[in-house]
Every structure is written in structure tokens, then in C-alpha cells.
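Please arrange chain B on chain A, whose structure you already have, making use of the hints.
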Amino acid sequence: MIAQLRKLVLGETWTLPLGVAITLLAGVALDAAGPGWWHRAGGFVLLGGALATLVASLRRR
Amino acid sequence: MTAFLLTLAGAALAVGLELLEAMAIVLAVAAERGRRDALIGAAGAVALLAIAGFVVGPVVLARIPLEPLQVVIGVALLLFGLEWLRKGVLRLAGRRAPSSALAEYLEEREALHALAPPVPGRPDWPARIVAGKGVLLEGLEVVLIVAALGAGKEGLAPALAGAAVAVAAVIAIGAVVHRPLARLPESHLKYAVGVVLSAFGVFFLAEGLGVEWPGGDAALLYLAAALVTASQIQVTGLAREAPA
Chain A
0 MIAQLRKLVL
10 GETWTLPLGV
20 AITLLAGVAL
30 DAAGPGWWHR
40 AGGFVLLGGA
50 LATLVASLRR
60 R
Chain B
0 MTAFLLTLAG
10 AALAVGLELL
20 EAMAIVLAVA
30 AERGRRDALI
40 GAAGAVALLA
50 IAGFVVGPVV
60 LARIPLEPLQ
70 VVIGVALLLF
80 GLEWLRKGVL
90 RLAGRRAPSS
100 ALAEYLEERE
110 ALHALAPPVP
120 GRPDWPARIV
130 AGKGVLLEGL
140 EVVLIVAALG
150 AGKEGLAPAL
160 AGAAVAVAAV
170 IAIGAVVHRP
180 LARLPESHLK
190 YAVGVVLSAF
200 GVFFLAEGLG
210 VEWPGGDAAL
220 LYLAAALVTA
230 SQIQVTGLAR
240 EAPA
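Protein chains in written order, with numbering that gives the first Met the number 0: chain A, 0 to 60; chain B, 0 to 243.
For the record, the hints were derived by calculation from the structure and aren't laboratory data. The reader is advised that the hints may include incorrect statements.
[Stated by the list, open to error] Chain A side only, calculated, beta carbon under 7 Å to chain B, not exhaustive:
hint, residue
1, Gly26
2, Gly41
3, Ser56
Glycine residues also receive a C-beta, built at the ideal position from the N, C-alpha and C atoms.
Chain A on its own, in the form it takes in the complex:
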């Protein structure tokens, strides 16, 4: 049951939660480093992080 709950929340591979965590941390760091450009273009950086996470999770099966 616990294993199924973990799979339900974090998924079948560790690549996804890891990729989402890296994307989040990168977002927080970039927001602090340059709030001006981040305000306008940060969303596309996060989209890039999400897509990279997806691709990585498909490569590591």
C-alpha cells in the first residue's frame, strides 16, 4: 500500500520528482538573480525544465 501511494504521488521513476525539484530550485535561484527578466521570460525557462524532465524520464526507463 505504501509503495503504491509513493508511486501515486512521485510516479514510477525518480527522474520526474528529481527533474521537477531541479526546475523549481533553478526557478527560485534565477528569480533571485534577475527579477526583471525573470518576470517576463521565467515561464519559458520553467517550461524548458519541464520538457527536459519529460525527455530525461523517457530516456531512463
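Relative to the frame of chain A, chain B by itself:
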């Protein structure tokens, strides 16, 4: 309006597909062990889910300020969305068995058939536990997805409306079970849910981190388009590779 409609569609699809899987398990238990114990198990799980929904929604999410809440919801939707999308890509590329509630129903029946038969006149706890666990696990994902989608600017209304549409559709399918279940393009629908949840995940996460999307809510459309394009490239690439 874009966010409202996408929330409604995303919630309806996600809830419908999860309920379909839960229904397959309950129907299998009902067919193999008896309707009464299957319904008791399912009802117990629904009661636990109601408590979980109350804890996640009014108690936890309602107390978090907007920006941190958007980050939390964004991360949760990304985790769910990317997982649905990953599985969807693998299914569409032929690298994973297609999603099928009917196959799940038949497998569950076979597994239950192997258990010792119930003693007449006594509560059938194995049947209740199997039905309850199935509904609980599938339902928990429903609670989390609806709560996450409902935490957006549009509020709970579109997410709940989508969930209500899904419940009605699943009950209708349950009434005439086998054929509609076999005809549903589940793999494609789950892939679509992955796209919608991931688009909302990126959207909320960015807003929570202070980003202003060009085009406002319409950003959900180009986010979804980017996710579809990137994932379809992966589907094509994986389908071309030699089978694993």
C-alpha cells in the same frame, strides 16, 4: 475563459479515467464475490476520501497564501501531469501496454477467482478490502487533482463541474459495461490529461514564482501546444527505435 474551460476539461478527463479504473475493480469484486461486499468496501473508501478531500482542501490549501500555494499546486500538477504524459508517450510509441480498464477488470476477476471462496452468511473481508483499496488509491489521485486544479484563479467551480460530468459519464458506462469500456481510447485520453495537467503545472509554478505570462490565461494554450509538440517528437523517436 480559457483557464475555466481547460480546468473543466482536465478535471473531467482525469476524474473520469480514474473512476473508470476504480469501477473496473469494484465490478470485478461484485461479479466474483458479491455485490454487497464490493459496495461496502467501496463505500468505506469513499468515506475516507471525503475526509481526505476536506483535509486537503478547506484545511490545508485554504491556509496557504496565494503565491506559495501556486508553487505547491504547480509542483503537484507537474508531478502528476508529467507522469501521465510519460506513460502516454510510452503507450503511443508502443513501448508500454495500452491503458485498458476492461483488461484491468478481467485481470482483477482472475486474481479474485484464485482466492478462497467466501463463507456464506459471513462478511467477505478480502472482497471488501480489494474493492476499498482500489477505490481509495484511484480516488486519492482524483482528490489531489481536483483540489490542485480548483486552487487556481477560477476556483473550485470548473474542477467540480468537470468531476460531476465525469461521474455521470462513468455511471452511464458502468450501466452498460463491456462494450463502451472496450471502445474508449484510454491511452489517448490519458495522454491528453497529461498535457493539460502539465500545462497547468508550469503555468501555476511560474505564477507562484512571480512570472507574468504573455497573453494571460491564453498561455495555457501555447504551453499545451509546446508539450504536445515535444511529446509527439518523443513518440515518433521511441516508435522508430528497435523494441526494448
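Structure-based check of all given hints:
1. Gly26: 5 Å, holds
2. Gly41: 4 Å, holds
3. Ser56: 5 Å, holds
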